[in-house]
Amino acid sequence: MSVLAHSQKRIKKAKVWLISIILLIVLAAIAYTFLYLKHDATMTDVGNRLASPTWGHPLGTDHLGRDVLTRLLLGFRLTVGYSLIALAAAVIIGVPFGLMAGLRGGWVDRLFMRIADGFLAFPDTVIAIVLSGLLGPGIGNLLFAIVLVKWVNYARMVRSTVLTEVQKDYVTIARINGLSTFTIMRKHLLPHIIGNVLVLASLDFGKIILLISSLSYIGLGAQPPTPEWGAMLNESRPYFQANPEMMVYPGLAIVAVVLAANVLGDYLRDKFDVKKEVQP
Amino acid sequence: MTVIEIHNLKKSYNPGKLAVNDVSLTIQKGESLGLVGESGCGKSTLARCLLGVEKMDDGSIVYNDAPIAHANRKQLRNYRRNVQTVFQNPTASLNPKLKIKDSLIDPYLQFKDDLQLKHFHFTSKQDFVQQLLETVELPKELADRYPHELSGGQKQRVTIARAISIEPNLIVLDEPTASLDVLSQGAILELLGSLQQTLGMSYLFISHDLAAVYQLCQRIAVMRDGELLDMFRKEDIYHTSRHDYTKELIDIF
Amino acid sequence: MILAIEDLTVSHGEKKIVDKVSLTIDKGEWFALVGQSGSGKTMLSQAIGQLLGTNLRASGRIMYQGDNVLEYPKEKMNQLRGKAISYIFQDYHGSFTPFLTIQQHMEEYLQTHGVHQKTQRKEMMKEAMESVGLEASFAKRYSFQLSGGQLQRASIALALLLEPDILIADEATTALDSVSAHRILSLLQDLQQKKGCAILFITHDWRHVVRYSDKIAVMKDGKIIETGTKQKLVHQPEHAYTKQLIQAAPTLPMRIREVSKS
Numbered sequence: 011m012s013v014l015a016h017s018q019k020r021i022k023k024a025k026v027w028l029i030s031i032i033l034l035i036v037l038a039a040i041a042y043t044f045l046y047l048k049h050d051a052t053m054t055d056v057g058n059r060l061a062s063p064t065w066g067h068p069l070g071t072d073h074l075g076r077d078v079l080t081r082l083l084l085g086f087r088l089t090v091g092y093s094l095i096a097l098a099a100a101v102i103i104g105v106p107f108g109l110m111a112g113l114r115g116g117w118v119d120r121l122f123m124r125i126a127d128g129f130l131a132f133p134d135t136v137i138a139i140v141l142s143g144l145l146g147p148g149i150g151n152l153l154f155a156i157v158l159v160k161w162v163n164y165a166r167m168v169r170s171t172v173l174t175e176v177q178k179d180y181v182t183i184a185r186i187n188g189l190s191t192f193t194i195m196r197k198h199l200l201p202h203i204i205g206n207v208l209v210l211a212s213l214d215f216g217k218i219i220l221l222i223s224s225l226s227y228i229g230l231g232a233q234p235p236t237p238e239w240g241a242m243l244n245e246s247r248p249y250f251q252a253n254p255e256m257m258v259y260p261g262l263a264i265v266a267v268v269l270a271a272n273v274l275g276d277y278l279r280d281k282f283d284v285k286k287e288v289q290p
Numbered sequence: 731m732t733v734i735e736i737h738n739l740k741k742s743y744n745p746g747k748l749a750v751n752d753v754s755l756t757i758q759k760g761e762s763l764g765l766v767g768e769s770g771c772g773k774s775t776l777a778r779c780l781l782g783v784e785k786m787d788d789g790s791i792v793y794n795d796a797p798i799a800h801a802n803r804k805q806l807r808n809y810r811r812n813v814q815t816v817f818q819n820p821t822a823s824l825n826p827k828l829k830i831k832d833s834l835i836d837p838y839l840q841f842k843d844d845l846q847l848k849h850f851h852f853t854s855k856q857d858f859v860q861q862l863l864e865t866v867e868l869p870k871e872l873a874d875r876y877p878h879e880l881s882g883g884q885k886q887r888v889t890i891a892r893a894i895s896i897e898p899n900l901i902v903l904d905e906p907t908a909s910l911d912v913l914s915q916g917a918i919l920e921l922l923g924s925l926q927q928t929l930g931m932s933y934l935f936i937s938h939d940l941a942a943v944y945q946l947c948q949r950i951a952v953m954r955d956g957e958l959l960d961m962f963r964k965e966d967i968y969h970t971s972r973h974d975y976t977k978e979l980i981d982i983f
Numbered sequence: 004m005i006l007a008i009e010d011l012t013v014s015h016g017e018k019k020i021v022d023k024v025s026l027t028i029d030k031g032e033w034f035a036l037v038g039q040s041g042s043g044k045t046m047l048s049q050a051i052g053q054l055l056g057t058n059l060r061a062s063g064r065i066m067y068q069g070d071n072v073l074e075y076p077k078e079k080m081n082q083l084r085g086k087a088i089s090y091i092f093q094d095y096h097g098s099f100t101p102f103l104t105i106q107q108h109m110e111e112y113l114q115t116h117g118v119h120q121k122t123q124r125k126e127m128m129k130e131a132m133e134s135v136g137l138e139a140s141f142a143k144r145y146s147f148q149l150s151g152g153q154l155q156r157a158s159i160a161l162a163l164l165l166e167p168d169i170l171i172a173d174e175a176t177t178a179l180d181s182v183s184a185h186r187i188l189s190l191l192q193d194l195q196q197k198k199g200c201a202i203l204f205i206t207h208d209w210r211h212v213v214r215y216s217d218k219i220a221v222m223k224d225g226k227i228i229e230t231g232t233k234q235k236l237v238h239q240p241e242h243a244y245t246k247q248l249i250q251a252a253p254t255l256p257m258r259i260r261e262v263s264k265s
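Protein chains in written order, with the numbering used here: chain B, 11 to 290; chain U, 731 to 983; chain P, 4 to 265.
It is possible that part of the hints are untrue.
To be verified - The calculated lysine to any residue pairs, modelled on SDA-like cross-linking and capped at a C-alpha distance of 20 Å, are:
{"hint": "1", "chain 1": "B", "residue 1": "Lys178", "chain 2": "U", "residue 2": "Glu879"}
{"hint": "2", "chain 1": "P", "residue 1": "Lys77", "chain 2": "P", "residue 2": "Asn58"}
{"hint": "3", "chain 1": "U", "residue 1": "Lys842", "chain 2": "B", "residue 2": "Ile194"}
Said to hold, decoys possible - Far from chain U, some chain P residues (derived; all Cβ distances over 10 Å):
{"hint": "4", "residue": "Thr45"}
{"hint": "5", "residue": "Leu54"}
{"hint": "6", "residue": "Gln68"}
{"hint": "7", "residue": "Tyr75"}
{"hint": "8", "residue": "Glu110"}
{"hint": "9", "residue": "Gln120"}
{"hint": "10", "residue": "Glu133"}
{"hint": "11", "residue": "Ala139"}
{"hint": "12", "residue": "Phe147"}
{"hint": "13", "residue": "Lys197"}
Unchecked claim - Over 12 Å on every C-beta distance to chain U, these chain B residues come out as not near it, computed from the model:
{"hint": "14", "residue": "His73"}
{"hint": "15", "residue": "Pro106"}
{"hint": "16", "residue": "Met123"}
{"hint": "17", "residue": "Gly146"}
{"hint": "18", "residue": "Gly148"}
{"hint": "19", "residue": "Leu213"}
{"hint": "20", "residue": "Gln251"}
{"hint": "21", "residue": "Ala252"}
{"hint": "22", "residue": "Tyr277"}
Hints in this document: simulated from the structure, not taken from any laboratory. Beta carbons are placed, not taken as given, at the ideal position from N, Cα and C, and that holds for glycine.
Using the sequences and the hints, build the whole thing.
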C-alpha cells in the first residue's frame, strides 16, 4: 500500500471517529434538554447578569441573567431541528419534481428547468433575505424561504441522474422486459438517487444551519428570547467587548455542528461510491 | 417450427433514408441465425425493432402466429418473456449500484408468476443465482460482488446468465463479443454454443465478424445499407451463388 | 535494421510493466506485436516516442540510426516524431482537435517540421489525401463530420505525410468494425509497399496478424514469450499461450470445401 493510500485510510478512520464523537455530544445534549434541565431557558435573573462560570451556571449567565449552558443546549434542538425540517421539506418536494422532469421530459421538463434557472440566478442568501423580509421576520417564514430556495437543487440533481441513467443499456433491458416505470424507478434508479441525495443533504445541512443562524443574527429569523444560536449571537452583540464568551459559545456550537455535517457528507459520499474501494 | 417471423420491416430515422429497408426473415426453433454487416448497415436497428425499443414504420413481427403490433397485454408479456437480449457493452448492461445477484434475478422477479422452468429447479433465490452462475462457468462468490469488480468477459457472462434465466425461446445477441479481448471472445462464443445445446433456444446473432457468426450459426444473413442482400446455410458459404458483397466479406476472413 | 530495442524495461514504481524486452525491426517490414490488454504492448510502443506518462520510467536502449532515442532531449525527440517515427492510435477521435479541420492539422504538422513553402504544402496535402482514398474536399471538414473509417484514413494520411521510417499503429483498427478494419489495413499495406516504411503493428486480433505481418512477437505480462517469422509462428507455434491466441480467433474453414462441392 502506498504512503498516500495509507494516510487516506487514516484520515477516513479519523473522520468516522469525529462524526461519532460529535453525534454523541448532540444526542447527549438533546437527552439532557429533555430529561434534566435545571434552568428555564427564558427565566431572567437581572440580579445575576453576566456572571462568571459557577457550579450552578457552568458557562455563566447572559445579559439578562439567563443560564448560557441551558440556552446553548436548547439551541441544539432548535437549530438542528429547524434545519432538518427545512431539509426534509426540500427533499420531499425536490425529488418527485426531479423524477417527473427526468422521466417525462417534454414541456414538464422545460417548464421546470426555467423555474430552476430563475432560482439559481440569485444566491441563496439573497433570496432568503428578500423573502423573509417580504413575509416579515419569524422562524416559520424563514424556513419557508429556505425550502423555496433549496428544493431546486434536489430536483436538478435527481433530474440529471435520471437523464444519464435512463440512456444506459441496463434500463433499456429492463424496459424490454416490460418492467413498469415505477419498478424501474424503485429498483434501478433509486439506488443512484439515494446516495446522491444523502450526500447533498448532509452538505446542505451545514449550509442551512448557517443560513438560519445568519438570518436570525440580522433579526429576520428566530426572535428573542428564543434560544436559537444566531439570535443568541445577535443579542450578545452589545456586550462582546466586555464579555466576549457570550459570542464565543454559540459561535463554537455553530462551527462544531456545521463541521460535523460536512464530515458526515464526505463520509457518505465515500460510502455510496461503490467503486471507491478498488481504486489504487 | 418457427419462433419468429419478420415481414417487410421498414424503419427510418431521417426522412428519405431507410435504416432498415423491407427486410423479411424467419428464425426456426433451436437454430441460430447470424446477421452480418458493417456498422451502420441497419442490423442493430432491426434488433431494436424486434425488442420493441424502437417502433417500426412498416411491416410486422409475428410471434406464435400473432402479430405483436396487435398483441394484448398477456400476449405482449409472453413475447417479452420469450425474447431476451444481450448487448455489446456488458458494463452498460449491468446496473453499477446493484450486486450481481440482484441483476441476475431481475427478469425472474418480473415474470415469476407465469413461469414454468424446465431446466432450472431451485429451492431458493440464492440457489437459483448460484445455479445460473454455474451455468455460465462463473464462481459462486461473484453473486455478492458489484459489476465493477468483474472483468469484461465475466460481466458479459453475467448478462448471458440473466438472459437465459427465464429460459426464453429466442435471445437477440447484439455484438456480444465486440467489446471483449480476444481470449474472452473465443470463450464467450463457445459458451453460447454449449448453452444452446443444453437449453435449446434460438439465437439471432448480430455481428460484423463473419467468422464468429460462422462458428455459432447455422444460417447467415448479410445486410448492407438497410437491405438484406444474401441469406444462406452455413455449408453454402462458398457457393457460387453468393452475393458479390458476401464474397467480399468472405475474402476478409 | 531500422529500430532495435534492447532490454527495454518500463516500470511504474516497483512494478515492471514491460520487462527486459528486446526486438529488432527491419527496414520496410510489417512487425506485429500481439497480446491481450494489459500485456504492456502499448507501453512499449509509447516508450519509443517518449510518450510515456511522468509516473512511468523507461530504461534500456532503443537504437535508431546509431543513437539511443531514450536519451534524446525533448527538442530532438519532437523533431524525430512525425518525421522519422509516427503514430496512429485506436482512438481516432482523440487524434484530432475538434475545432481544427483536417487541413489545418496537416498545415500545422508540415510547418512544425520545416515545410515553409505554401505551394509545396498544398501539393503534399493533396497527395496525402489521395493516397488514402479520401476526396480532397474532406480536408476542409472537421473530425466529427467524418465516419470512423474515414477518420482513421485521415490520421494515416497525417502520419505518413512526412514519409517516416517507421509507423507505429497501436490497435489502430480495434474501434472499427471488421469490414472497415480490413479496408484500412489493406490500405496500409499498399502504402507500405509504395513508401517502404516499417510498421510496428500492435493488435490483439490474430487474424490481422496472419494476413498482413512479416514478423510476429507475442507479448504476455510484459515479456515477449515467442517471436519469429509469420510462417514459423502461424504453423509451428511453440508456446501454449500463442496456441491459445490462435485458437481463440474464429476463422472460416479452408476453401477446399468449395472445390469439393462444385
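Each hint, compared with the structure:
1. Simply put, Lys178/B and Glu879/U have alpha-carbon atoms about 19 Å apart, close enough for the 20 Å limit, and the pair holds.
2. Of the supplied pair hints, the one linking Lys77/P and Asn58/P holds, its CA atoms being roughly 17 Å apart against a limit of 20 Å.
3. Under the criterion of a C-alpha separation no larger than 20 Å, the hint pairing Lys842/U with Ile194/B is consistent with the structure, at around 17 Å.
4. The claim that Thr45/P is not at the interface with chain U holds, since no C-beta of that chain comes within 10 Å of its own (minimum 13 Å).
5. At the 10 Å boundary, the C-beta of Leu54/P stays outside the reach of chain U, the nearest C-beta of that chain being 22 Å off.
6. The beta carbon of Gln68/P sits about 35 Å from the closest Cβ of chain U, which is more than 10 Å, so the claim that it is off the interface holds.
7. No beta-carbon of chain U is positioned within 10 Å of the beta-carbon of Tyr75/P; the least distance is around 33 Å.
8. No Cβ of chain U approaches the Cβ of Glu110/P within 10 Å, the least distance being about 31 Å, so the stated non-interface status holds.
9. At the 10 Å boundary, the C-beta of Gln120/P stays outside the reach of chain U, the nearest C-beta of that chain being 40 Å off.
10. Every CB of chain U is more than 10 Å from the CB of Glu133/P (nearest about 23 Å), matching its label as outside the interface.
11. Chain U leaves Ala139/P outside its interface by the beta-carbon criterion, the shortest separation being 24 Å against a cut-off of 10 Å.
12. With 10 Å as the threshold on Cβ separation, the claim that Phe147/P sits away from chain U holds: the shortest Cβ distance comes to roughly 16 Å.
13. For Lys197/P, the requirement that its beta carbon stay farther than 10 Å from each beta carbon of chain U is met, with the minimum near 22 Å.
14. Chain U leaves His73/B outside its interface by the beta-carbon criterion, the shortest separation being 54 Å against a cut-off of 12 Å.
15. Against the 12 Å criterion, Pro106/B stays outside the reach of chain U, whose nearest CB is about 20 Å from its own CB.
16. Once the 12 Å rule is applied to beta carbons, Met123/B is consistent with being away from chain U; the minimum gap is 26 Å.
17. A cut-off of 12 Å between C-beta atoms confirms that Gly146/B is not in contact with chain U; the least separation is 45 Å.
18. Against the 12 Å criterion, Gly148/B stays outside the reach of chain U, whose nearest CB is about 42 Å from its own CB.
19. Distance check for Leu213/B against chain U: the nearest CB is about 20 Å away, which clears 12 Å, and the non-interface claim stands.
20. A cut-off of 12 Å between C-beta atoms confirms that Gln251/B is not in contact with chain U; the least separation is 55 Å.
21. For Ala252/B, the condition that its CB be more than 12 Å from all CB atoms of chain U holds, with the nearest at approximately 57 Å.
22. In this structure Tyr277/B is separated from chain U by more than 12 Å, as the shortest Cβ-Cβ distance comes to about 18 Å.
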